[in-house]
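Residue numbers (our numbering), protein chains in the order written: chain A, 34 to 358; chain B, 2 to 266.
Hint data in this document are derived by calculation from the structure and do not stem from the laboratory.
These numbers were taken from a predicted model, which means no experiment stands behind them.
Don't take each hint at face value.
Unchecked claim - Residues from chain B that keep clear of chain A, each with C-beta distances beyond 12 Å, as calculated:
#1 67
#2 86
#3 127
#4 250
#5 256
Claimed, not checked - Here are the computed distance ranges between Cβ atoms for each label pair:
#6 B:244 with A:225: 27 to 33 Å
#7 A:339 with B:246: 55 to 61 Å
#8 B:175 with A:248: 17 to 23 Å
#9 A:339 with B:101: 52 to 58 Å
#10 A:248 with B:15: 30 to 36 Å
#11 B:117 with A:99: 26 to 32 Å
#12 A:66 with B:106: 39 to 45 Å
#13 B:246 with A:338: 48 to 54 Å
#14 A:252 with B:175: 18 to 24 Å
As the list claims (entries may be wrong) - Part of the chain B face toward chain A, derived, beta carbon under 8 Å:
#15 149
#16 177
#17 181
#18 200
Even for Gly, the Cβ is constructed at its ideal location relative to N, Cα and C.
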Amino acid sequence: MHIPDNYLSPSTCAVMGSAMLPIWAVAVSKVKKMVSAKQIPLLGISAAFSFLVMMLNIPLPGGTTGHAVGSVLIAILLGPSAACLSVSVALLIQALFFGDGGILAFGANCFNMAFIMPYTGYMIFTLLSRLVKSDKSKYIIIFISAYAALNIAAFFAAVEFGIQPLLFKDAAGLPLYSPYGLSIAIPAMTIPHLLVAGVAEGLITAGVFAFVAKTSPGIIENREDRTYPLYLLLLAMIVITPIGLLAPGTAWSEWGAEEIGALVNFIPQGMRDGFSFKIMMPDYTFPIIKNETTGYVISAIIGSAILVIVFKIVSEILKRRKKDA
Amino acid sequence: MNWLYQEDTYTPVRDRKLYIDRSILSILGTVSRIRHEEKGHRGGIYAVSPPAKFVCTLALIILFSLSRNIYFTAFADSCAILMASLLVMSDLKRIAAVTSVVILFSFILLLPSMLMGNIHNSIMICMKIAGSVLLLNILSHSTKWINITRSLKLIRIPDIIILIIDITMKYIVILGNFAVNMLYALRLRSVGKEEGKHRSISNILGVLFIKSKEMAEMTYHAMECRCFSGSYSTQMKFTFKARDFLYILFILFICAGFFLMRDVK
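With these hints in hand, go ahead and build the complete structure from the sequences.
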């Protein structure tokens, strides 16, 4: 899943790099809050562990081998923030000294393997752990978390590859960077991960957890236990919002009167003479910002902010009512 | 007691245990690469100031990525080959092997696209990848890694992260040797068909994790004994000699090519 340089456009690399900056800042501050100076050698050595996890070959069906990423394993054992930093350092060393994964694509690689994978894996793990409490089912939960997280990360990598030919073309209309669109990149990346690599990652993650839980249970009990799944989900949604722009046409059943007319050669009278509501951002665009993509992203951010504020107000009212009662 | 006199006819079932051999090879390769670079380097391109080399390499990789002109890509590739020719033979061989594998892999990956008619851009991607990999390898083979991590300060990486990277490098060797010993032990003990391959590798990783946790504790105590309080500052020496000037001039020559060849069709 290590993306080399020049498969992604410089602008994609810049966007992914800048998306990682606040994530690293939050991860550093969370890790610092936990044990301050004590975390520093732990992070360094965990990064070495993460590096070696990616080096160790695991047996795959047919006598071949592959390697695990181990992000979910470290997230479950040490917390997602520590996993984010450790895997980032391991990826930096791989890119800088071993040429595995590009320098410019470092942000994209970190986004997939050091952010999406540990945080989603940890989120699935905590959500499922709340639902199922028995000890034996814990290993199944860990398997599912690692399997799902690796596949989600592979899907993100596939989308990053797949949007290149749609966004960056030369004068003749030929792709400048990764030439395969979403219809090729997504199955090419996800099918091997769904069938083989995900299963291996899940087995290794559950196996290592089981071993550590049996031989050194003290380590398992001192985990960082809080995540913000809703905020993470929102962030992921904002990031993947522009993908919607790639699909031609309007969303199904969201046609305007003119589009209905073009589709069925007839505009129902109620729609023609009906009430037309003038909104602030028609078609998710602003009067000042002409670029559709920028408008779309800003709309996503504003929309999410309004949703968060509304949820906060509602929860505040509910809390007050509870207090009064 | 009859069984003692019977001839042993046990022949173990053949089983492919590629994962053990490949793991040993990849870890040993990494460990030896880190150890090799700790040995002293010679003059020439090896002696150029590390911060200058780091920034120039980064700038050239960005130019490669920005370039949409095959002439500049070919020109920069040839300049990278010229730079590689200044390395000693052992480094040159290793870099040639790595770069050719990367080119071959990219070529195979882009072959369907070429067959669909996108020949020009696919060849350019291969050339760009070759150039970037070559430049990065020249940097990592001609510079002490500790000096490269110090140079990260130039792109505003905090000192504490640089310390974490340095600790990681040291412990890749220590934990790597530990993992290799466990893999050797596993190979010696596994005779015939091995059923629980995933369990074996999980156990090795489990032991490795517990060992890392213990080592982190011990390292922290050792650091605390030496008055470590959480703050750390790195010193970056920046001396400017004639060879640095020549190196930067050469890189500026390549950068000029980017702007001059922009409109060449």
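Find the hints from earlier in the document that the structure breaks and name them by number, from lowest to highest.
-> Per hint list: 1, 3, 6 and 17 violated.
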